[in-house]
Structures are given as structure tokens and as C-alpha cells.
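Chains as they are written, first to last, in our numbering: chain A, 1 to 288; chain B, 1 to 355; chain C, 1 to 266.
Heads up, a few of these hints could be off.
[What the hints assert, rightly or not] To give an idea of the interface, some chain A residues facing chain C are shown, with a C-beta separation under 8 Å as derived from the structure: (1) PHE13; (2) VAL17; (3) ILE27; (4) SER275.
FYI, nobody ran anything at the bench for these hints, they're computed from the structure. Think of the CB as a built atom: it goes at the ideal place given N, C-alpha and C, for glycine as much as any other residue.
The residues making up each chain are set out below.
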Amino acid sequence: MDKKTTNQKAWLFVLPVIILVAFNAIIPLMTVVNYSVQETFGDNVFFWEGVKWFEAVLNSDRFHASLGRQLLFTSIILAIEVPLGVAIALTMPKKGVWVSVCLVFMAMPLLIPWNVVGAMWNIFALPDIGLLGRSINALGIDYNFTSQPIAAWFTTVLMDVWHWTSLVVLLAYAGLTSIPDAYYQAAKIDGAGPWAVFRYIQLPKMKRVLTIAILLRFMDSFMIYTEPFVLTGGGPGNATTFLSIDLVKIALGQFDLGPAAAMSLVYFLIVLLVSWLFYTLMMKDEAQ
Amino acid sequence: MSKISLKNLRHSYEPEPGPASEWALNEMSVDWSDGGAYALLGPSGCGKTTLLNIISGLLAPTEGEVWFGDENVTQLPPDHRNIAQVFQFPVVYDTMSVYDNLAFPLRNRKVPEPAIDKKVREIAEMLDLGDTLMSRAAGLTADGKQKISLGRGLVRSDVNVIMFDEPLTVIDPHLKWVLRSKLKELHQRIRTTMIYVTHDQTEALTIADQVVVMKDGLVVQIGTPVELFERPKHTFVGHFIGSPGMNVLPCHMEQGKPVYAGRQLDMATPITQAAEGARLEVGIRPEFITFAETGIAVRINKVSDAGRFNIVDTTSGEDSIKLLVPSADNLPADTAYLHFDPAHTQVYADDWMIS
Amino acid sequence: MRQITKFVPALYIVLLMMPIYWLINMSFKTTNEILGTFSLWPNEITFDNYIKIFTDPVWYTGYFNSLSYVTLNMVISVSVALPAAYAFSRYRFLGDKHLFFWLLTNRMAPPAVFALPFFQLYSAVSLFDTPIAVALAHCLFNIPLAVWILEGFMSGIPKELDETAYVDGYSFPRFFVRIFIPTIAAGIGVAMFFCFMFSWVELLLAKTLTSVAAKPIAATMTRTASSSGYELGLLAAAGTLTIIPGAFVIYFVRNYIAKGFALGRV
Numbered sequence: 001m002d003k004k005t006t007n008q009k010a011w012l013f014v015l016p017v018i019i020l021v022a023f024n025a026i027i028p029l030m031t032v033v034n035y036s037v038q039e040t041f042g043d044n045v046f047f048w049e050g051v052k053w054f055e056a057v058l059n060s061d062r063f064h065a066s067l068g069r070q071l072l073f074t075s076i077i078l079a080i081e082v083p084l085g086v087a088i089a090l091t092m093p094k095k096g097v098w099v100s101v102c103l104v105f106m107a108m109p110l111l112i113p114w115n116v117v118g119a120m121w122n123i124f125a126l127p128d129i130g131l132l133g134r135s136i137n138a139l140g141i142d143y144n145f146t147s148q149p150i151a152a153w154f155t156t157v158l159m160d161v162w163h164w165t166s167l168v169v170l171l172a173y174a175g176l177t178s179i180p181d182a183y184y185q186a187a188k189i190d191g192a193g194p195w196a197v198f199r200y201i202q203l204p205k206m207k208r209v210l211t212i213a214i215l216l217r218f219m220d221s222f223m224i225y226t227e228p229f230v231l232t233g234g235g236p237g238n239a240t241t242f243l244s245i246d247l248v249k250i251a252l253g254q255f256d257l258g259p260a261a262a263m264s265l266v267y268f269l270i271v272l273l274v275s276w277l278f279y280t281l282m283m284k285d286e287a288q
Numbered sequence: 001m002s003k004i005s006l007k008n009l010r011h012s013y014e015p016e017p018g019p020a021s022e023w024a025l026n027e028m029s030v031d032w033s034d035g036g037a038y039a040l041l042g043p044s045g046c047g048k049t050t051l052l053n054i055i056s057g058l059l060a061p062t063e064g065e066v067w068f069g070d071e072n073v074t075q076l077p078p079d080h081r082n083i084a085q086v087f088q089f090p091v092v093y094d095t096m097s098v099y100d101n102l103a104f105p106l107r108n109r110k111v112p113e114p115a116i117d118k119k120v121r122e123i124a125e126m127l128d129l130g131d132t133l134m135s136r137a138a139g140l141t142a143d144g145k146q147k148i149s150l151g152r153g154l155v156r157s158d159v160n161v162i163m164f165d166e167p168l169t170v171i172d173p174h175l176k177w178v179l180r181s182k183l184k185e186l187h188q189r190i191r192t193t194m195i196y197v198t199h200d201q202t203e204a205l206t207i208a209d210q211v212v213v214m215k216d217g218l219v220v221q222i223g224t225p226v227e228l229f230e231r232p233k234h235t236f237v238g239h240f241i242g243s244p245g246m247n248v249l250p251c252h253m254e255q256g257k258p259v260y261a262g263r264q265l266d267m268a269t270p271i272t273q274a275a276e277g278a279r280l281e282v283g284i285r286p287e288f289i290t291f292a293e294t295g296i297a298v299r300i301n302k303v304s305d306a307g308r309f310n311i312v313d314t315t316s317g318e319d320s321i322k323l324l325v326p327s328a329d330n331l332p333a334d335t336a337y338l339h340f341d342p343a344h345t346q347v348y349a350d351d352w353m354i355s
Numbered sequence: 001m002r003q004i005t006k007f008v009p010a011l012y013i014v015l016l017m018m019p020i021y022w023l024i025n026m027s028f029k030t031t032n033e034i035l036g037t038f039s040l041w042p043n044e045i046t047f048d049n050y051i052k053i054f055t056d057p058v059w060y061t062g063y064f065n066s067l068s069y070v071t072l073n074m075v076i077s078v079s080v081a082l083p084a085a086y087a088f089s090r091y092r093f094l095g096d097k098h099l100f101f102w103l104l105t106n107r108m109a110p111p112a113v114f115a116l117p118f119f120q121l122y123s124a125v126s127l128f129d130t131p132i133a134v135a136l137a138h139c140l141f142n143i144p145l146a147v148w149i150l151e152g153f154m155s156g157i158p159k160e161l162d163e164t165a166y167v168d169g170y171s172f173p174r175f176f177v178r179i180f181i182p183t184i185a186a187g188i189g190v191a192m193f194f195c196f197m198f199s200w201v202e203l204l205l206a207k208t209l210t211s212v213a214a215k216p217i218a219a220t221m222t223r224t225a226s227s228s229g230y231e232l233g234l235l236a237a238a239g240t241l242t243i244i245p246g247a248f249v250i251y252f253v254r255n256y257i258a259k260g261f262a263l264g265r266v
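Starting from the given sequences, assemble the full structure and let the hints guide the process.
This is the structure:
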């Protein structure tokens, strides 16, 4: 890695990427910044408002509530998907035709459009016509995710676990297959049990891919919009109104551009900050 | 510690092996005496690693038995065989310190902590790892990591045999020599049976007391380095050991003596064994051929300088014959006559030596 | 223990397939059967839902629209990411690390934040309601991802390959196209797979940037669901059809998935 040569002309290679991404990132971001410090009453007339919207957002109970729900949701799905994904990857066959079969089937949820995922789970979990809803009710548990907040949370979390655990499985599996056989043989000879093999061989070797997995899952679950929107519409009440859903409600539903823009920026900064912190911590640990 | 015996061992990776080509190991019975230093030498794909894995218990043989002393261990897993193995690529537990790496096999066996500490420090000292004990194993160089792998075997007092699977592959050339002599020195001190797999003849000949030469899943010869050099039992051993390898020339027999290029060759002991219908060849190492006034007529093609010796490349009819002559000697002109040393001339029937 | 763990992947797959099965099951049922009875498989199989989709232009153009912007995005993302990834993996230049991090931050931008500004931006440049608009918008998160994946693959290839080619008299463009690109073919496949994946599944931006002419299949679905009441069978059939391209793509890259994930560096 250190053999890179210094070449300022490399900028030319990066230029197309910069132009395309800047067009998509900087202009809209500027628009958002612009809105966030102004007030409008329509007709493209704007008034300078300074940090008023930011103060409002940071002090609003509504924002705190959405952020709280968002943090809870992200923590729950990370706590379930990462260990579950690793556990499934550990039980996967190492070679043979079954590997392809497993990978193809496991990757399928990842390639279904997000609103189809929502719609599919809606049909699947409805208490009257859905397989899941019917089954749970048949067990004697009163379950209706359209009216019970707990059931709505349960269904949303289950949907996300269904949707994304495979990503963790695939990443963890990729990490596992890169471990040479000699490590397992050495561990056998050293008399290591299954737990020691996992703790000292498999986990360290999976660390890099697991970092990617956690980072991706953190980012994507923090931005989740379409699936819960289609499944529950953010309800019942506000029970499953996560940050993105709330933001779209404010921006497009109420057309409160200023507060929406300020909230967007705060939201974006939170994602950036957490990702950066996480990334730096993992890298620091790696460097030791 | 105990003697290791392989009894009628055969192995195949196919579920239902048929012809010989499907067997990775052909039938063999070998005894490894306690405390010996053995090298398992052969080209890539000859079954060395398969044999090693059968001894260590990573593979179960298709047929035959493995005995450690008086115990049949064929069905025992590796952790119950009391063996240690150093692999081709260094295997260390990255997240642990050097100390914890060395202590790992003992901790897994529930040895009390004070005893572990004593043993780990002793072995670390022996391997010159004392200074790095507390640093992370991942940061060490390849040779340091191989020392750790070896150390994990040495800390255990119950080890029957330490096996090495081409352990110097990833080591820098100038360190190979250092590690080899270290290994030799350790063997003198601890006297544990060692089996050292390699395809490098220099490595095999310097480390081992006994060299086991393998080819196509078959043990072709077991012997000391000198025996392998002077009396190769198979033409393959003749080719594989020595540089350049043994000259092998077609011949036929007359009155118990081999005849090559119309000339009868003298031998130390005449051939008594009959070899009807077999393909006969005469083998002689380049070191044991000299120029003479009379003998086998050859044309000199090429002379290459190999330091103290010249390698002279000659042809007799269709066959190429190489010989080594001291650099100081004058070489004859284009044509010359060769003399074969009778004490080192052997006859091979279908590649196997006859006497 | 070993015996039990063997069945874990199979059990997991069965659980994964259940919602998908239910969707397919629904797509072959008549509306009456869906609402009237509860059955694990269709009592009378009907293809009406599929026939409707394949004959009604509102439906099948949506399908076509989705595929066209996804393909367009895949091609744009990978072709501009290739030289950039090469620069990041081979050269050191002013601000390279910051630039790389800035690119990655765009992967972290919530689409909901950008929905409205995007609408205004693409209206301003009169690309609104075209597949190009969606394809370009998806570049926001797909280009950083493609650069990231390709950079990982390229860093795995020794620099000596480049040097040998120059010594052999290759010009840079010829080396890049004739030698380098074939060498990282697997990486390009993986990058394209991910671009396909994230462009195909994303809906918020795709829906915001289109109204009639370029409306994606998935957006047609939501509109149908809300406007024409409870046509669940039709909805299920359309959903089933959106799974097929994904399944098709996975089948082709199945041998690269595991390796590709491992090579993408942090």
C-alpha cells in the first residue's frame, strides 16, 4: 500500500466521479442549507431566520421522540442481525453444491424492491389473510400490527431481520471462507474446543467484514423509510415513525421547508458522526 | 514418547477408489523410532502431506493402522494423539500475545497456571522469544511466527512427535539456515521424534538422520543421507538427490555383468539376481565417473563451471552422460573415454536396484 | 450437535421463503378467494393478475422503466468509478484521503434528506420524469459504493502488473482496457451487482423524480394499492415479478458473492 507514487494528474481520473457526485450531493445539500436558515410563505419569497429552525428542531419533543425510536430500532436490529448472521454463517457448508444453493436463496431478500418488501410483509402479517398473522392468532395471542404498537414494532423488527440478516451472513461467510484450513488443524492439535476456535480464530478473522456489516446495517437502518412506511405507515399513531418517515411527513406532507431542512442536516450529521466514530474506533483497534 | 508404526497404510481421497492412480498413498509399512529426526522428501503431490496428516490424525486412512508404541491410534482425533505440527504458512492466534500463544495448548489442557508460566518462559528462552513475550503475535515476522508455532508444540511435555510441513517456505533465504540449525540444536536437546516434510533435498539432508523418499504415493527408499547418495535403491532417488542427478543408461546383462555401448562394466559385486524380461538400466553418479585412456567413447558437448568442480556434459550415441571433474584438471579434446567406478555402479530392473 | 447445526441453513432458508411463498400464493388467487377464505395454496389457480400486468401498458412500461434506469445507472456508476478507483489504488495525490472519505459520506446521506432538493434540481435542468434523472440520482450512493468495491479489488493486484505492461510497450489506455479490466473482471461483476441491487430496491428517490412517463414498476404498485382499493392479487403478482430480475442476477453472480464481499476493503 505504501508503494503508491505521487501523481497529481490522478485528479483527472477522479474528475468524472467528483462532477457526478458533486452535482447530486453539493447542490441539493446547499439547497437544504439554504432552506434551513430561512422562512418562506410560498411564492419563492424567503426571509433570513438564522439558527431558529435548528433551535426548534433540537428542542422539539417530536424530533426527540423520532430519534429515540430510531435509536431503539437500530439497536434492536443490530443486536439481533449481527449475532444471528454470524451464527448462520458458522453453520453453512464450506464447499459443494449446497454453498451456491444457500447463497442464492439467502441473497434473495436483498434484491427485492423495498416497497415490495413492505407490501409482502403487510400481506404476510395481516391478522385475517396473512400466514404469520393467522398463525400467531391461532396460538391464542391477540396480534394485529395495524392497531397494537407492540405488534407493529414486532412486525417491523421481524421484517428487517428477514430482509437484512442475509447481508451479515454473506459478509461473515466471506470472512470465514478466507481462513486457511491450517488454522483449524492447528487449533485441533492444540486441543482447542469449539468456543476457543470461535473466539481466537473465527472472530478475529471476521472482524474486518463484520465492521463493514455493522457499518452498513447501522447506516441503512438509520435511514430506513420505505419498508415501515408501506407496512405500517408509521403507525399505529406514531409508534413506528422513524426519522426518515417523520422528515418526509414534515417536508412533503406539511411543506414546512425550514424545519424539515434543519432536521435533515441534524439527521445527516448524526449519521456521519456515529459512522465516523465507529470507523475510527475499529481502525484504532486494528492498528494496535 | 514412543515409536510410531504405520501398518499396511493406504489412503485415497475418492470414496470408492479403484485403480492405483486414485490412491494418494499406496500400501506402506514404516517404523519411526523414538527420538529420531526424519525427513519426508519428495516432489510436490507425492503424498507427503497426506502421510503427515494421517500420522497427526487430521485424516483417517482408508486402510491400515497407525500405532504409537503399543496403542492403536488410527481412530483417535489429533488432540488425543499428543502430537505437534508446524504448518507451511505460520499459524498464530493474531489477537493473543506471544505468551498467550505459547500458553494456549496448556490452558486448553487445564494445566495449572504456575506450571504454564514456568514452561512458557523456558521454551521462549530456548527459541530466543524471551524479549517479545508480551507483544502481539500478529506483529512478528514470518520466522518469529514459525518459532511460535514450534513453541506451541514444545511447551507440551507429552508430545510423541513434532511434525513440520515445509515450514521454511515463507522464510527469507538467509534466515532459513539460521532456523535449520536452531531446529537441529533443539532436537539434540529435547530428543523428541521429528518428521520434517520438504521437497528441498538440502533441507532434508541437513536436518534428518533418516530420509524417507516418496514418489507417487510410494516410499521408494528410507536411509541415511549417505546411503541415499551412494546406493540409491530406485532411479528416482538417483535423479532426485544430488546435483546433477545420477546418470541412467540402458544396458543388458552378460555373465552377471551389465553391458553398455558394447562394453562390459565392472561391478564391485556381480549381479546374481535374475531379472528376466525387465527393462534394465545401469546407474552411476557423475561424481564417480572419470576420464580414462580407454573405456566408453563420448563426445564432449558442454562444460559448466560449478565452483570447485566442472560439470561436463557428454554424449554417447543417443545418451547423455554427465560427470564431475575437479576444476584444476585439464579436459580432453572433443572426444574422450570414460571410466565408471565399479564400487558405485548399480544395475536397475524396472527402476528398482538389483544386486 | 454437528447433526443439528447442519440443518440451520436449511431452516433459515425455509423461514426466508415463507413471506415470498405467501406473496406468490396470493398472486395466483382470485380477489374473492383472498378475502373470503384462508388457504395455504390457491384453490382455483388464476393467471388473470399476470395477464393484466402483461397487457396493461401502465404496468409493463413501469417494469421497462425500472429496468432502463437501473441499467443506465449501473453503466454510468461503474464506468466512472473504474478510473477513479484506479487513481485511489495506485496514486497518492493532493487531498486523496479526504476525497475518498467525502465520497463515502454520500453513502451515508439519508435519501429522505435529498428527496425535495432533488425534485427541484432535476426539474430545473428539465430532466424530471426521465429514466436519466433516476439513474443520475442513484449515482449519489452507487458511485461511492462502486469506487469503494473496485478500489478493494484493484489494491489486491500487484503494481508490477502495470509496470510489466509499460515495459512491454503498452500505452496506458490500451493497458487499462486490454489487461487491467479483464484482470479485475470479478470485481467489476461484484460492483455491478451492488449497483443493480441498490438501484433496483430504492424507491423514495425513484418515485420523487418521476410522475408518469418514467414511473418505476414499484411506484405503480403503491399507486394501485391506494387508488383502486384492495386489488391484492394484482399487487402480489406485480411484487412477484419484481423478485425475478433480482433472483436472475444473483444466480449469475453466485460464485462471486462470497469472494466479492471479502475483497471489499474498509
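How the hints compare with the structure:
Interface hint at A:PHE13: satisfied, since its Cβ lies 4 Å from the closest Cβ of chain C, which is below the 8 Å cut-off. Contact between A:VAL17 and chain C, as hinted, is supported at the beta carbon level, the nearest pair being about 4 Å apart and thus within 8 Å. Given hint, A:ILE27 at the interface with chain C, holds; its Cβ is 6 Å from that chain's nearest Cβ, closer than 8 Å. For A:SER275, the interface hint holds, since its Cβ comes within 8 Å of a Cβ in chain C; the closest pair sits about 5 Å apart.
Of the numbered hints listed earlier, not one is contradicted by the structure.
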